[in-house]
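J.: Starting from the known structure of chain A, arrange chain B on it as the hints suggest.
Just so you know, the protein sequences line up as chains A and B, in that order.
When the letters of the first sequence are read in order and numbered with this note's numbering, they come out as residues 1 to 255.
When the letters of the second sequence are read in order and numbered with this note's numbering, they come out as residues 1001 to 1245.
For the record, the hints were derived by calculation from the structure and aren't laboratory data.
Since this is a predicted model, take the numbers as computed values, not measurements.
All C-beta atoms in this analysis are idealised placements derived from N, C-alpha and C, irrespective of residue type, glycine included.
Be careful, since some hints might not be right.
Stated by the list, open to error - To spell it out: a stretch of chain A is covered by chain B in this simulated footprint if at least three of its residues, at any positions, have a beta carbon under 8 Å from a beta carbon of chain B; those stretches are: (1) 55-65; (2) 135-141; (3) 160-173; (4) 210-222; (5) 241-249.
Next come the chains, spelled out residue by residue.
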Amino acid sequence: MSRPRPTRRELLLGGLSAAGGLLLTGCRYDLPPTYGNILRMGDALTYAAHRTLLPTRALAREYSRADVSSFPAIGTTDPGNAALPTFNPAYGETYAKLRHGGFADWRIEVAGRVARPGTYSLAALQQMPSRTQITRHMCEEGWTAIAEWTGVPLAHVLRAAGTLPSARYVTFETFDWWRDNIDMVDALHPQTILAYAMNGRPLPVPHGGPVRQRVETQIGYKSLKFLRRIYVHDEFDDLGKDGSIANGWSWYAGI
Amino acid sequence: MPVPLHHTRWVRVTHWIGALSVLVLVVSGFVILMAHPRLYWGHVGNDLTPALVELPISPNYRHGGWTTPTPLADGPGAPVSASRTFGIFNKNGWGRSLHFLAAWALALTGAAYLLGGLRSGHFTRHLIPRRGELTAGHFGRELADHIRLRIRRATGGPQYGLLQKCAYAAIVFVVLPLTALTGLTMSPAVTAGFPILLTVFGGVQSARTIHFALWCVLVLFVLAHLLMVALSGFARQMRAMTIGD
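Just chain A, with the same shape it has in the complex:
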């Protein structure tokens, strides 16, 4: 029985994967899936190049208090407001109730490949070691803004939950039903924090209160607002129709 001849697309994909494999020999990184889409192949090449050529622990520039700037709030600016087009019935009403109670009953869930899954209140997060950083937010649209963020390093939360050695990705779910994930390199980066304060005040709702993600080595859309759940896993998850890939966006946004 003869094997069917590979199509041109299969040859191209195979070649690219082989090139990626060569690039990544000895590294801990897997390329995100491309689904035969040439744009996603370019994204995968950028990801491979960044993970291979850039230092993984280098800090994004931190600024002084005098550099703090005005800061637009875009996308979902209040998950609990049913009048806004961004309202999602799945968690919108829950969020509105939590906000009404000053987020005293807000909890973030940490689940998946961790030894001690559980939930943390805002007060519990605030009792953990904190990091304050004045950093630049770079939006994919092209604008930038500088703010001071205070929060608990994600690395600390993951350590507290006991991330299993096989874990390689962290997925975030939000109250406006956004889902996205990052690899362990960005998850364990010292500046990746769960921020609960902005410019020394409780994180305002339009900017993702009570707790948002800050991933300073990637473009703004990877810093999810209104966090609800953190899920640790071993294999890459494209998150189906909720994922950035199905919506036509690059999963990796370091550029």
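T.: Chain B alone, transformed into the frame defined by chain A:
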């Protein structure tokens, strides 16, 4: 030294891959700029801070869809926050990925071209003006000829005039490398690893503005290049750059 009469194969191949990449970069770059058609200087720039230039190139130009600003700190002149209420034009999902794909193509082709040019002596023989060639008088005469559109007939190979050499060398050795560096300066991952880029270009928004200005120069160069190709014998030039005749 004998001058080869024809464009070599690697020059022709890199020329066309480069040309296609530049076309895709210009289109996708314009689409990206349409999402936020404001340019700034320094590290910060957004709809709540003053712009250097606002370009009327998309529905997002001066859209007024913002809630009343609220202060983010105490005291007068404090930075503010406002929420966007306007559904903006944004095709950056494919725009950005296409831009970076074409950037990869141009960067790899450019690297191959630079290597080929150095190894073969193409740069020193054809692109960089020879000793004594670059004089004010010579430059002035060529410039005057070009302004009057008195263009020499094409010879089908890299026997370039002085103005042509200067234009090609400036694009290859200055403009294109700077577009790559200013582009990389907009990457948060790259500037975390190489913060010197932020220092050199004076911030990510300065880099973005310089990036745009360089591409304006590049588009003007391409238009002038096409005009010169047409005036010096379009069919002859196309034969020279495709089949190498």
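J.: Decide, hint by hint, whether the structure agrees.
T.: Checked hints:
Residues of the segment 55-65 of chain A lying with their CB closer than 8 Å to a CB of chain B number 6, which satisfies the three-residue condition for coverage. A count of 5 residues in the segment 135-141 of chain A with a Cβ less than 8 Å from any Cβ of chain B is obtained; the coverage claim is therefore met, three being the minimum. Only residues whose C-beta sits within less than 8 Å of a C-beta in chain B count toward coverage, and the segment 160-173 of chain A has 0 of them, not enough to reach three; the restraint is violated. For the segment 210-222 of chain A, the proposed coverage by chain B is satisfied: 4 residues have a C-beta within less than 8 Å of a C-beta in that chain, meeting the threshold of three.
Using a Cβ-Cβ cut-off of 8 Å, 3 residues of the segment 241-249 of chain A lie near chain B, which meets the minimum of three, so the contact claim holds.
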